[in-house]
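Q: As a plain string of letters, each chain reads:
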Amino acid sequence: MHHLHIDRFAGLPSPVHRIDPRVKLITTLAFIIMVVLTPDGFFLSYGLYFAAVLTALFFSNVPASYIFKRSLTIIPFAFAISFFVPFITPGPSLFNIGFGSFSATVTSTGLLKFGSLCSRAFISFFAVITLVSSTRFGDLMWAAGRLGLPAKLSIVVSFMYRYLFIMIDEVSHMILARDLRSHIKRKNPFLIASGGIIGALLVRSFEHAEKLYYAMLLRGYTGFPVTLNSKHIRPLDIVISLLFIGFTAAGMLTGRLFHA
Amino acid sequence: MPEPAIRFENFSHTYEDGTKAVEDVTFSVSAGESIGLIGHNGSGKTTLFMHIVGILEPDCCVNVCGLPVIKSNLKEIRKKVGYVFQDPRDQLFMSTVAEDVAFGPLNSDMDAHDALHTAEHALESVGLEGFGHRISYHLSGGEMRRAAIATVLAMSPEVIVMDEPSSGLDPRAKRELASLIKGLDCTKLISSHDLDFIRNCTDRIILLNKGKVAAVGTTEEILRDTELLLANGL
Chain A
254 MHHLHIDRFA GLPSPVHRID PRVKLITTLA FIIMVVLTPD GFFLSYGLYF AAVLTALFFS
314 NVPASYIFKR SLTIIPFAFA ISFFVPFITP GPSLFNIGFG SFSATVTSTG LLKFGSLCSR
374 AFISFFAVIT LVSSTRFGDL MWAAGRLGLP AKLSIVVSFM YRYLFIMIDE VSHMILARDL
434 RSHIKRKNPF LIASGGIIGA LLVRSFEHAE KLYYAMLLRG YTGFPVTLNS KHIRPLDIVI
494 SLLFIGFTAA GMLTGRLFHA
Chain B
7 MPEPAIRFEN FSHTYEDGTK AVEDVTFSVS AGESIGLIGH NGSGKTTLFM HIVGILEPDC
67 CVNVCGLPVI KSNLKEIRKK VGYVFQDPRD QLFMSTVAED VAFGPLNSDM DAHDALHTAE
127 HALESVGLEG FGHRISYHLS GGEMRRAAIA TVLAMSPEVI VMDEPSSGLD PRAKRELASL
187 IKGLDCTKLI SSHDLDFIRN CTDRIILLNK GKVAAVGTTE EILRDTELLL ANGL
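From first to last, the protein sequence lines stand for chains A and B. The numbering used here puts the first sequence at residues 254 to 513. The numbering used here puts the second sequence at residues 7 to 240.
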């Protein structure tokens, strides 16, 4: 199972990796709340927030290209959610877009809101990816449990995570098997084969996931995440967290002063 | 007379689709014995194994370490029985080998330090000392199999059941695995249709054919009888 695509850099020896996962989780949540609460158009603040996450990323030793690539996946979603914002937000008109008898006006306020929404989504997601890449998934679930995440929710998230990668694994095997046998010239051979793959994938993933669940059950799994890494919060963890949150708050204040 | 480690008594199982997997099976395994369960594909070996740990519908015709396999006994039985899956990838699901091996002890309320110590000891006993930090799916087939056995040994089981442990291994890895199994100090029930492997690590054999017990005898007795093996699809 190639589920280590996410845990790939989670075992690096870095100052960020050494921070207690509970502290990292709380800090990231506080950061995201501040990002989300920042008003539209505070691009200076957004820049400072991004600088804060980049600093954390730098000290984590996780390759920046990896985090950037993964963070870009949020863009289509952010774009889809805020697609109509430039058209429906009242404000000074910038230009018109017309398709036949239909025309829509893009407002400057709408465009600003659109840019702000996409920026905030990207920065928040970037922070989450940095957190996930510098913390083992098991530790993260353990921390979430310790911070009050209901056990049932933690089970759902854990299994969703495991089963997602079981499916990826099965897909990669089946695609390889398909490609090795798709050399015969046929009309839409890939399409025909892909239809069968989806059906077989569900059955195979289900069976494999079921066996994994049994393996866990047979070794005493009760639904509560366990971790081998004994955790304790060091004073340094608190200092780093406060510095990070303080810098983010300063970013927010700078934005407000700039726009005052 | 001491209680057998495993006992099946007039046990039958039919799957939901109507497939009769095992029919009227009776045998017992004494504590400390090393038993080979042999038979052709689909002869019911895995079905019997799954009943030992109650993965399939628990049934009181099956008795493990003195406890009938019923729902209320499953927790206790699963503490006593270690199950090694046919495909070691089904058994290794954590990020590193050490985490995988320590999973059982951690779930038995052992603290992280002791669990790590137990995991290291289990890895050492299967010849994988120093493999704790390795990523499970980067191991070779033989190493993966050993790691899967270590995950079970870390729980100090009284009985180990192994489903086709030699499948997919090269001859050298098979020999090493056989000698590892031979050295384990507990009751062992090993299913396989690899007769050389079974010869190397068991004392007694139960031969299955189409879900029924076709013969029971010492390993030498059964494996010497070529006609019996041929008649039963081996």
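No lab work stands behind these hints: they were computed from the structure. Please note: incorrect hints may appear among the correct ones.
[What the hints assert, rightly or not] From the structure, some residues in chain B lie toward chain A, with a derived Cβ separation under 10 Å: (1) I61; (2) P64; (3) N79; (4) Y89; (5) M100; (6) P111; (7) A118; (8) H139; (9) L201; (10) N238; (11) G239.
Note that CB positions come from ideal geometry on N, CA and C, so glycine has one too.
Q: All hints are to be evaluated individually against the structure, with a verdict given for each.
A: Here is what the structure says about each hint:
1. I61: The hint holds - I61 (chain B) has a Cβ within 10 Å of chain A, the shortest such distance being about 5 Å.
2. P64: With a minimum Cβ separation of about 13 Å from chain A (threshold 10 Å), the hint on P64 (chain B) is violated.
3. N79: violated, 14 Å
4. Y89: holds, 5 Å
5. M100: holds, 7 Å
6. P111: Holds - the Cβ of P111 (chain B) comes within 10 Å of chain A, reaching about 9 Å at its closest.
7. A118: Status holds, d = 4 Å.
8. H139: Nearest chain A Cβ about 8 Å off; hint holds.
9. L201: violated, 26 Å
10. N238: Violated - the Cβ of N238 (chain B) stays beyond 10 Å from chain A, reaching only about 28 Å at its closest.
11. G239: It is violated, given that the least Cβ distance between G239 (chain B) and chain A is near 25 Å, above 10 Å.
The structure fails to meet hints 2, 3, 9, 10, 11 from the earlier list, while all remaining hints are met.
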